[in-house]
Each structure stands twice: as C-alpha cells, then as structure tokens.
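Undergrad: Protein sequences appear in the order of chains X and G. Take 1 as the starting number for the first sequence in our numbering and just add one per residue. Take 1001 as the starting number for the second sequence in our numbering and just add one per residue.
All the pointers check out, no bait thrown in.
Pairs of lysine-lysine residues, derived as DSS-like cross-links and limited to a Cα-Cα distance of at most 25 Å, are as follows:
| id | chain 1 | residue 1 | chain 2 | residue 2 |
| --- | --- | --- | --- | --- |
| 1 | X | Lys81 | G | Lys1135 |
| 2 | X | Lys76 | G | Lys1127 |
| 3 | G | Lys1129 | X | Lys130 |
Under 7 Å between C-beta atoms, here's a sample of chain X residues computed to sit facing chain G:
| id | residue |
| --- | --- |
| 4 | Leu51 |
| 5 | Gln78 |
| 6 | Phe86 |
| 7 | Asp88 |
| 8 | Phe92 |
| 9 | Pro93 |
Here are a few chain X residues that sit away from chain G, every Cβ distance over 12 Å (derived from the structure):
| id | residue |
| --- | --- |
| 10 | Asn68 |
| 11 | Arg169 |
| 12 | Asp193 |
| 13 | Val238 |
None of these hints come from the bench; they were simulated from the model. Model, not experiment: these values are computed from the prediction. Just so you know, even glycine gets a beta-carbon here, dropped at the ideal spot from N, CA and C.
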Amino acid sequence: MIQLNIQKKLKAASGEMELAINTQITQGDLVSFYGKSGAGKTTILRILAGLLKPEKGEIIVQGNTWLNTSKKINLKPQKRKVGYVFQDYSLFPNMTVKENLEFALTKNQDQKIISELIEIVELGNLRNRKPETLSGGQKQRVALARALVQKPSILMLDEPLSALDSEIRYKLQQHILQVHNEFKLTTILISHDISEILRMSDYLFELESGKIIRQGKPSELFKFQNLNAKFQFTGDLVAIEKQDFLYILTIKIGKDIVKVIADETEGTNLVIGDKILVASKAFNPIIHKIN
Amino acid sequence: MIDWGPLVLTFRLALITTFMLLLIAIPLAYWLAFSKSKIKPVIETLVSMPLVLPPTVIGFYLLVAFSPSNAFGNWLNEWFGLRLVFSFEGLLVASIIYSLPFMVHPIQAGFSNLSQSLIDVSYVLGKSKTTTLFKVLLPNIKPSLLTGIVLAFAHTVGEFGVVLMIGGNIPDKTRVASIAIYDEVEALNYGVANTYSLILFCITFAILLTVFLINGGYLKQIIK
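Just chain X, with the same shape it has in the complex (with noise of 0.2 Å):
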C-alpha cells in the first residue's frame, strides 16, 4: 500500500497551481496517472521518487515512512529503491546496454540478475551497443530493463510508450505486464492513451490542474460499463468509407487491421484518428480448434 498525501505548488503555463494529492495506490495493482500536459502526472512521480519535495505531505509505502515534512522526514531517492523509467529513456551514453544494467547493480548484488533481465526484454544480441545506436523501442527496454535491476518493489513508468509506434508499443506493454506480474510490482504508469490504459491498467487517476478528478476502473471511468459485451478490443480508426447507407471503417487493433460494419448514426460521429471500442455479442462466434 502506498499511501499519498502532497501539496506542491507549481509554476504551469498557465500560471501558478497547487498540486494536492490524497490517495492510496493498492499493492500489486497496475494503476495509470491520466490527464492533459501540465496536470502534474510527472511531478507526483518526482515526488514519490523523492526527487522533488513537496512543500506540505506524508508518503507512506508498505508502513515505512518516505516523507513526512511535519516531522522533518525526506528519504533521499537513494534509500527509496523504486524502479524508474524516464520519459526521454536517459540511458547513460557511455555506457553499453550491458554496462547500463551492471551499473544498477547494488554492491555484491548477484550478477545474475543482467542475464535474466536481457532475456525478458529480448535485448540478448543488443547487449555490446552504447545507446546512441538504438531505435527508441530499443532504448525504452533497456530503460524498464535497468529499473528492474535493484528489484524494486515499485515501478514507475513515464509516459515510458508515447514516442514509439504502435506495433513496438504493443510489444512493450506485453513486456511492462510481464515483468509487473513476474516481479509482483506496484506499477504506477503515466499515459495518453486510452486504450494503453484499458489494455494495462487496474486502476485510474485523472488528473487536472494538479488534482485527482476521477478515480476508479478504467473500463468503468470510459463509461463502458453498460455494455454487456463478451467481447470488447480497442483500436484506432485509420479510414472510413461510405456505402449506400453503410459505413465500413478500417480499425488498427494491436496489430491487426479489422473491417467492421456500422450504420448511419454510428458511422457520422467518427472521425480518421478516433480510439474505437469494438464490442461483440457472442452470440455467433466461429471457433476454430488449434491444438
């Protein structure tokens, strides 16, 4: 349990904004910050992190004590041990990929470790690289790779897939519930995307201007609750096209391209680009026996 109480002025584009939290993450969840630019996602993970002091707040992770500015208690980001991975990915550029993660490495921490590390996020032939020469799907594995080196209980993710395309991306989140599940992490991820949090997630922050405004499922936040459907993806539109009176759009699911039908009052609302949930009934589904 991470318990959460901060107040931290900020200096936003638009102005000065008081940051105040109140909430609790659940141990083992997956849980996802959402909001515009600005509304202090990263600032609350800079703060968990201790890398930045709130003026007023007590964190509390599993009944240890990280900060408790009445009492004068600020626990350097050394001592917090949390897994990290930063937006621009800050891969140390003299170093390989292999030198990255024993860089990690706490004093007589088994070597161990890097090999295993390099084989869940498939790096394995990158391993002798410095950074410079990696794509950015690339740089991001060897950056959720490094954070996981100390095996910390808590993951913090920031925005860690918004620069990478949505194939790689697709990939990475396979790899982020992996290691979330394997190594039983509290995993708080920064995002955009809606259907990254659908997929992810077991629970949702929104944020806006520096407060929670929504908290809960994320498939019941997105209002999705009263669709007894059995089964449900999300895509992105990539064309629309007008038949008689039909429309056949082309949606991107994951790395699938799928063609659906929608009628008129379905088909006039959407727009090249949207984020589409496609939901079936099944009541005539094809099954097909593979093994």
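Go by the hints and put chain G onto chain X.
TA: Using the frame of chain X, we list chain G on its own:
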C-alpha cells in the same frame, strides 16, 4: 644554440598549472552548474574576471598580496615558508588564477548541457553524488574536459603580463618563453626571439589542431 631553459620552464609551468586547475575546476564547475545558491553570480563573476581584466592588474594585486611586507604574504612566509613573489610557486598560483575561467567555463557548460534526468536516474538507482560524478557526468563531458585542459594549457603558455609583474625575469625560475622573447627583442637578438616564437607558434598550433580534430570527430572519420 639557444637556451632551452625558458621553453622547458614554460611547459613545466603550463603542465602543473593545468593539472592543478583540473583538480580545482571540476568541483567548482560542478557547483556553478548545479547550485541554486544566491552567491553563485558573485562567484561566477570572480571566476570570469581574468577574461576581461588586464593581466597586469591581476599581477599587480598578487604582487601586493604576496609581498612579505604585507600581512598575507608575511603569514604565508612565516607559516609555510612560502615566498610567492619572484618564485616559481608564485608564478604557479598566479597562472592558476589567470587561467581559471578557461578551465571552468567549458566544464561548467559541459555539466549544464547534460540532461538532468541522467543525474536523476543515477540517484534513483541508489548511486551517491560522487559515484554519479565520476561514472556518469565526467565520462559524458570528455570533449568539454579536453577543451578545458587545452585552453588552460595554451593560455598559460601565452601569459606575459602576470608573469612579468609577479615573477620577474629570473633564469630557470621565472623566465618563461614569452618573457625571454621580449627580453631578446629588447636586446635586438631578433634571431633568438624568432626561434622561441616559432617553437611556441608550432607547438600551440599543433595542440589546438589536435583538439579540434578530436572534438570535431575528424579523427574518427579518418581512422574509419
């Protein structure tokens, strides 16, 4: 045959000055790059003063300060047996002050241009400030360090006014090449002056060229 003394002395002075400056400038540049202290502008100004002040002014004040007839010079003399006026040690102290901005500025700029998140990552990974400095920051500002080292070295080789004020013209103690050249010209020995000048010209040209080749990545391209 020319007297090699002044040239040897010049490069000895430049080498020791550069080495000492490196030790002083790294912590100073680190502080200037990352501190939010209110006195930072004052320190920054002091460090930059040798850039604009005539060398004779620095030399003059150092001469006054180090003179054993003054309190500070007297204290140095009595406690450490140091006489900084008209001695190699005095020259060294003056050179360090005189070349300070040439070492501090490139390193400070190097630190400032690094992404803050590199430091943050290192701290979050549990690494101390010292580890972060030596393992993350310094290896990633090698071009700045090289620039600082070379500029400080070359600048020390080229100093004249400060040396003349505080060092004088004592052979093998304070008679560096720039002074020797001036001396020879005064004595109308243009040939010797020319030899010294040409050697200084060639060496400094070679040093600067090396830096530009390395920092511009030209060497890498050629070796490839």
